[in-house]
Amino acid sequence: MRPTPAPQSAAAASITGSAARCLTPQGCQTPKSAAAASIAGRVAGRRRWLAAALACAAAAAPAADGPITVRDDQGRHVTLQAPARRAISTAPHATELAYAAGAGGYLAGTVLGSDYPPEARALPSIGDSLRPGLERAVALRPDLLIAWQPAVPEPLPDLMRRLGVPVYYSDPRTLAAIADSVETLGRLFGTEAQAGPAAAALRARLAALQARYAGRQPVRVFIQAGLQPLYTLNGASIVSDAVRLCGGINVFADAPVLAPQVSLESVLAARPQAVVAGVLGPADAEASRRAWREHGLPAAAPGQVISLDADMLYRPGPRLVDAAEQLCAALDQARR
1 MRPTPAPQSA
11 AAASITGSAA
21 RCLTPQGCQT
31 PKSAAAASIA
41 GRVAGRRRWL
51 AAALACAAAA
61 APAADGPITV
71 RDDQGRHVTL
81 QAPARRAIST
91 APHATELAYA
101 AGAGGYLAGT
111 VLGSDYPPEA
121 RALPSIGDSL
131 RPGLERAVAL
141 RPDLLIAWQP
151 AVPEPLPDLM
161 RRLGVPVYYS
171 DPRTLAAIAD
181 SVETLGRLFG
191 TEAQAGPAAA
201 ALRARLAALQ
211 ARYAGRQPVR
221 VFIQAGLQPL
231 YTLNGASIVS
241 DAVRLCGGIN
251 VFADAPVLAP
261 QVSLESVLAA
271 RPQAVVAGVL
281 GPADAEASRR
291 AWREHGLPAA
301 APGQVISLDA
311 DMLYRPGPRL
321 VDAAEQLCAA
331 LDQARR
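Position 260 of the sequence shown, counted from 1, bears residue number 260 in full-length UniProt numbering, the numbering being contiguous throughout.
Treat the hints as calculated values from the structure; they're not laboratory data.
Treat the hints loosely; a few may be bogus.
Each pair of labels, with its calculated beta carbon distance range [what the hints assert, rightly or not]:
#: 1; residue 1: P256; residue 2: A283; range: 19 to 25 angstroms
#: 2; residue 1: P229; residue 2: A283; range: 17 to 23 angstroms
#: 3; residue 1: P218; residue 2: D180; range: 23 to 29 angstroms
#: 4; residue 1: A201; residue 2: E119; range: 32 to 38 angstroms
Note that the structure is predicted; figures quoted are calculated from it, not measured.
Think of the CB as a built atom: it goes at the ideal place given N, C-alpha and C, for glycine as much as any other residue.
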């Protein structure tokens, strides 16, 4: 059976939150008379709010040390007049990348779910990544917005651009791109001295995995991105890139969308030798193993349902390299 496209995987939902909604700027007094007067009042209020926001953004701008230009993951050129000192991250993986680049101290705010490293939990929050608070974001006086295209709704980046705040889109799709992102953020924050060695260390670990597992017997893998209902990830996903690095073959690599919903029958027909699942803890891992045993998946019998920490596996950040190392070792067991 062909996979059924779905708008969002369970894995993505666990990272980004619920349906998109943006807060409307307030601050106007609504007249008691006609509807036209009410509309005019709201427009005037929004203009006053935007003017105040523009003034805050101008006050937050650091002294220019020379322009910095990088290319983001949308292929756009992003230019800062000086290293960022009050950035907002709109995705947990971007927060982790900034810390890896030595720039955690230059984050002014982030979103719910940004819980790693532990010190990130103390950062001011602008709300859910799908429902960021516009006024809260502006109040932080950012000089850079790090956005994630699959999650952050357009009103926030659009507002930042109107305020003159550069917007950098972070969306690594390969393991190699994680190290590249660390280096790029190092340039944006002026922390190249920390970001360069961190990126080099990530590349060295990936090269070691490539050298160790290249040429080994392929293992057919089902990536379980959601259990009820069943979701998976196709070959364009960064998790599939990790499977490939370990010598695995994603059985749904050719699915037409990034995160399709699939039927139980189609998974059983694909005859994976291993299942890779992101889990929230031991109980979640046991539920996954039990489900596949009950469904009669042959790979479940010898215990080849591989459970990895969901945040490490699904976030395209530095800890995905840790997850890849664990995955490669586990898939090696499936070859025996």
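Each hint tested on the structure:
1. At about 34 angstroms, the beta-carbon gap between P256 and A283 misses the expected band of 19 to 25 angstroms.
2. For P229 and A283, the hinted distance range of 17 to 23 angstroms is satisfied, since their beta carbons lie about 20 angstroms from each other.
3. Separation of P218 from D180 is about 27 angstroms and conforms to the stated range, judged on CB atoms against 23 to 29 angstroms.
4. Restraint check, A201 to E119: a C-beta distance of roughly 20 angstroms breaks the suggested window 32 to 38 angstroms.
In summary, the numbered hints that this structure violates are 1, 4.
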